[in-house]
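Line by line, the protein sequences give chains C and H.
Oh and the first sequence: position 438 is 438 in the numbering used here, straight run, nothing missing.
Oh and the second sequence: position 84 is 84 in the numbering used here, straight run, nothing missing.
Hints are computed from structural coordinates only; laboratory data are not their basis.
Computed from a prediction, not measured in an experiment: that's the story for all the values here.
Treat each hint with caution, since some may be false.
[Unchecked claim] Pair by pair, the computed Cβ-Cβ distance ranges are:
hint	chain 1	residue 1	chain 2	residue 2	range
1	C	Ile477	H	Tyr78	45 to 53 Å
2	H	Asp436	C	Leu492	54 to 62 Å
3	C	Gln246	H	Asn344	19 to 27 Å
4	H	Pro411	C	Asp310	46 to 54 Å
Quick reminder that beta carbons are idealized off the backbone N, C-alpha and C, glycines included.
Listed here are the chains, written in short residue letters.
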Amino acid sequence: MKILNILSTIALAALLFACTSHPSVPNGAQKEARLPKIYPDYTDVTIPSNICPLNFAVQEGAAEVVARFSYPGGEQTYGKGSNVLIDESEWKDILAASKGKSITVDVFANINGSWKQFNSFKINVAEEEIDQYISYRLIQPSYVAYESLTISQRDLTSFEEKVIYNNMSVSTEEMGQCINCHSYQNYKTDHMLFHMRQAHGGTMIVNDGKLTKVDLKTDETISAGVYPAWHPTKNFIAFSTNKTGQSFHTKDLAKIEVQDTESDLILYDVDKNEVSIISELDDELEVFPTWSPDGKKLYFCSAHFEYHNDSIAKETEMINRFKEVKYDLYCADFNPDTKQFSNMEKIYCASDTAINKSATLPRVSPDGRYLLFAIAEFGCFHVWHNDADIMLLDLKTKEVKALDNVNSNRSESYPTWSSNGRWIMVDSRRDDGNYTRPYIAYFDKNGKTHKAFELPQKDPNFYTFFVRSYNRPEFMIEEVKVSPKEFTSKALEEPIKAKYVK
Amino acid sequence: MKDMLAYEGGWLLWVSCYLTQFFYHPWIGSIILIIIWILSYYLLLITTRMFKNKWCFILLLPFIFFLYSILSYGYWIYYVKIQGYVFYNSLLFFICVVLTLIICEALRLVKVKKFNIITGAILSLCCVIFHLCGTLWNISKANEFSITMSDDNFHHELSMYRAIDEGRYEDVIEEAKNLNNDQPTNLMVLFKNIALMHTDRLPEMFQINNCGITPKTDDSLKIRISQLAAPLIYYQFGQMNYAYRWAMENSVKHGLSFRNVKIMALASIFNQDFAVAAKYINILKQSVYYRDWAFLHERWIQSSTDFIQSQEYQTIAPLLNDDINELDTDNGFCERWILDHFSNILNPTSEKLEDLLICSSLWSTDEYAFCVHFHDYYQRHKDEHIPALYQEGALLLGNAPESPITLYNFPFDEEISMNFNQFVMDYNDYNSSGADKQKMMNLLKERYSDTFWFYYYFYNDFNIY
Numbered sequence: 001m002k003i004l005n006i007l008s009t010i011a012l013a014a015l016l017f018a019c020t021s022h023p024s025v026p027n028g029a030q031k032e033a034r035l036p037k038i039y040p041d042y043t044d045v046t047i048p049s050n051i052c053p054l055n056f057a058v059q060e061g062a063a064e065v066v067a068r069f070s071y072p073g074g075e076q077t078y079g080k081g082s083n084v085l086i087d088e089s090e091w092k093d094i095l096a097a098s099k100g101k102s103i104t105v106d107v108f109a110n111i112n113g114s115w116k117q118f119n120s121f122k123i124n125v126a127e128e129e130i131d132q133y134i135s136y137r138l139i140q141p142s143y144v145a146y147e148s149l150t151i152s153q154r155d156l157t158s159f160e161e162k163v164i165y166n167n168m169s170v171s172t173e174e175m176g177q178c179i180n181c182h183s184y185q186n187y188k189t190d191h192m193l194f195h196m197r198q199a200h201g202g203t204m205i206v207n208d209g210k211l212t213k214v215d216l217k218t219d220e221t222i223s224a225g226v227y228p229a230w231h232p233t234k235n236f237i238a239f240s241t242n243k244t245g246q247s248f249h250t251k252d253l254a255k256i257e258v259q260d261t262e263s264d265l266i267l268y269d270v271d272k273n274e275v276s277i278i279s280e281l282d283d284e285l286e287v288f289p290t291w292s293p294d295g296k297k298l299y300f301c302s303a304h305f306e307y308h309n310d311s312i313a314k315e316t317e318m319i320n321r322f323k324e325v326k327y328d329l330y331c332a333d334f335n336p337d338t339k340q341f342s343n344m345e346k347i348y349c350a351s352d353t354a355i356n357k358s359a360t361l362p363r364v365s366p367d368g369r370y371l372l373f374a375i376a377e378f379g380c381f382h383v384w385h386n387d388a389d390i391m392l393l394d395l396k397t398k399e400v401k402a403l404d405n406v407n408s409n410r411s412e413s414y415p416t417w418s419s420n421g422r423w424i425m426v427d428s429r430r431d432d433g434n435y436t437r438p439y440i441a442y443f444d445k446n447g448k449t450h451k452a453f454e455l456p457q458k459d460p461n462f463y464t465f466f467v468r469s470y471n472r473p474e475f476m477i478e479e480v481k482v483s484p485k486e487f488t489s490k491a492l493e494e495p496i497k498a499k500y501v502k
Numbered sequence: 001m002k003d004m005l006a007y008e009g010g011w012l013l014w015v016s017c018y019l020t021q022f023f024y025h026p027w028i029g030s031i032i033l034i035i036i037w038i039l040s041y042y043l044l045l046i047t048t049r050m051f052k053n054k055w056c057f058i059l060l061l062p063f064i065f066f067l068y069s070i071l072s073y074g075y076w077i078y079y080v081k082i083q084g085y086v087f088y089n090s091l092l093f094f095i096c097v098v099l100t101l102i103i104c105e106a107l108r109l110v111k112v113k114k115f116n117i118i119t120g121a122i123l124s125l126c127c128v129i130f131h132l133c134g135t136l137w138n139i140s141k142a143n144e145f146s147i148t149m150s151d152d153n154f155h156h157e158l159s160m161y162r163a164i165d166e167g168r169y170e171d172v173i174e175e176a177k178n179l180n181n182d183q184p185t186n187l188m189v190l191f192k193n194i195a196l197m198h199t200d201r202l203p204e205m206f207q208i209n210n211c212g213i214t215p216k217t218d219d220s221l222k223i224r225i226s227q228l229a230a231p232l233i234y235y236q237f238g239q240m241n242y243a244y245r246w247a248m249e250n251s252v253k254h255g256l257s258f259r260n261v262k263i264m265a266l267a268s269i270f271n272q273d274f275a276v277a278a279k280y281i282n283i284l285k286q287s288v289y290y291r292d293w294a295f296l297h298e299r300w301i302q303s304s305t306d307f308i309q310s311q312e313y314q315t316i317a318p319l320l321n322d323d324i325n326e327l328d329t330d331n332g333f334c335e336r337w338i339l340d341h342f343s344n345i346l347n348p349t350s351e352k353l354e355d356l357l358i359c360s361s362l363w364s365t366d367e368y369a370f371c372v373h374f375h376d377y378y379q380r381h382k383d384e385h386i387p388a389l390y391q392e393g394a395l396l397l398g399n400a401p402e403s404p405i406t407l408y409n410f411p412f413d414e415e416i417s418m419n420f421n422q423f424v425m426d427y428n429d430y431n432s433s434g435a436d437k438q439k440m441m442n443l444l445k446e447r448y449s450d451t452f453w454f455y456y457y458f459y460n461d462f463n464i465y
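Please put together the full structure from these sequences, using the hints given.
Right, here's the structure in full:
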């Protein structure tokens, strides 16, 4: 009996400890007529009604802070030291009550013994939800070297992150493995792929839940498949094939230039294990294929580049003329029955002297109306270009505009759409210029983009110390069902060689 | 930490890394390690109940192997991928011993008869064997052990690195002067020349042995200067992007170390890339030994005056030439890139850089570049005394047919001219007498080893690694 009493007391104490404490709003706080400095910046953002709590740190040098969340039908306070940590279940209730409306946040901070109250800000809660999952590659922003990489998936409705595949499971001391370019068919994970290079190289393809490992390099193509796009309805994958090199800036903060000396487009028929050429035009560097939602058009980028000097290597000439490489946006019709491409046309001439830029990484909205792409002064690897911004092309009106609410003075790249077309996600380096973080922005029915917010983390200071980049974030409507262990055992097998067909 | 905890046993790795920082003062790190060993030994004695057994010294074997494996690392310390490796094995062993003790005591509690010594000994033995297998791998590399333990250059490199990192350039020069053997490694030569450069004595570079060799290691290890010290070297030469890049590359391959984080922070501050500099400074603030450094350098971000007035800025800034951005690659050979890069720069913006350009061209024996730099140098310093080294270079290279300059009426020092003429005569005499290159080198060494001519003729095919 005595033991039972002790145990129940301990359990009660643990329960009380586990419960979120709600601090009181301080009385007589002095008004500070400005917004508080908070990180991540969630002031006046629009968020999905199913997102995880927006925990944040108040960067005002305060010993303690209190944040009051006022929402339709109630209010709640949070604060722990200089952080605002929101209980997950309470947050769900707050979001449910605020759907289509706003939450008003008042921040109070105890600075040097006196409380200050900052101007309140709003968090708008959209009616539309966001896809439950995203996936990304976690990589240190290195240049040539790589070691430990994962492709991971994150549940956006909570803070849970799981590893899809970890390269260290097959890497050895002598030879490591690089992994990249994960892609899904129509946001579903029963058709997905990613590449592995070096040790146990090949392309891992999940076809209707079945796992295979293929080698897409053929004698007729310049490389294995690189940047992928899975056809939205058929078992076809468009890839670019690239001969890629790296060189390094001595002064420019971009530090590195990743360039293709050659590139083409190929189509891979997953069921037949056949590779065919889509485009291999001379003097054209084709890259970054992406399908229209109906699968009847293939969008891609291409740069016209003529080598002038036979006496030096192509790589050297490319390095010498790196600023001349400018990509335009193209589109070609596709007949899924015959697998034929036709009517190739340039839909946005970024290299035009009036614009004089380079457009890459196109993505079409799920309704087929808009196309997101990244733009910078030159080149194809905009994740390293500080001037890279995200643009929106209205495919109906042909109007192009910069997404000012999404862009920053640092690199923005890898734009993508949620499956309902209401959310945009981009990779941004605005935090510190070197580490990419996913930023999400609301894209309303009128085609207006709202202020982007950083992927929330349980610890608001997480990004401050995290030394990996989030590379190529993609939306998914479901979890990846193949386990890391299954990927690992398949990775150790020899790849099946793809066949080339004309 | 989150990164490490993502792996099985990652917490052990984290603890090992945390403890490793105490080797900043070798004696503190050593004491911690010895305490772990003593504790492990004591627990082993309890487990096996061998306190008064005459064979109890056998239980010291694992610790001898641990010590051996640490001492035999040598150049592997730059390449080993287990972070915190010094503590990792010992801590793992300690945990095994604790677990063994718990199992033994539990079995004793349930009164397993005759358990005491036999089972305890077997379990402990398994524990020991498990670890011995790992350390035996090191024994198989006995050659390497003998090399690194007796290789003075390895130790010189370590102490020169730290001296440069702490701005003690005079100590580096002293160390270079007082080498016991004649042949420093290329890395030591680089360190020595960095120290000379930052004490405005670069023209003395050939007076202190400038002929480097590759380190003595076994064949399984491909030593690269870029992996040993490229971040520090590039930083000292004012090449901030390349310093940052190599600090990042080496961190990716071999784990985030304080030395690399420091360089990334410094390079970012010099690049005025303050947001990422703040990130690294925040990381360093979490450490025991670099916390003060982090707070000091945080002030550089907050106040450009503090930064510009700092000793480090004053030292490095003259090398930050306002040249245009170049797209280039070092292909992993930082020494070669530095020599080529500085040989090819035109229009230096400081006297320090001016010296570096002309010395780089001599160091790399780039005859054309030297002549161009010498010509420019002479135009700018017509009324001044030209350093002896530059005169030596000009005497040897200036009159070559492909030379773009003319030395007619150049006011060479009489002593240097005479010495050069004597060198030419001696060289020709030995050459015509049929002496081979090695013999000629030995004959000329005593009199001319501190001249550029000697370096030019007898050290013109040095290995870049």
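Do the hints match the structure? See the list:
Roughly 46 Å separates the CB atoms of Ile477 (chain C) and Tyr78 (chain H), a value that falls within the hinted 45 to 53 Å. A C-beta distance of roughly 56 Å is found between Asp436 (chain H) and Leu492 (chain C), which places it inside the suggested range of 54 to 62 Å. The hinted range of 19 to 27 Å is satisfied by Gln246 (chain C) and Asn344 (chain H), whose Cβ atoms lie roughly 21 Å apart. Range check, Pro411 (chain H) to Asp310 (chain C): Cβ separation about 48 Å, and the 46 to 54 Å hint holds.
Checked against the numbered hints above, the structure breaks none of them.
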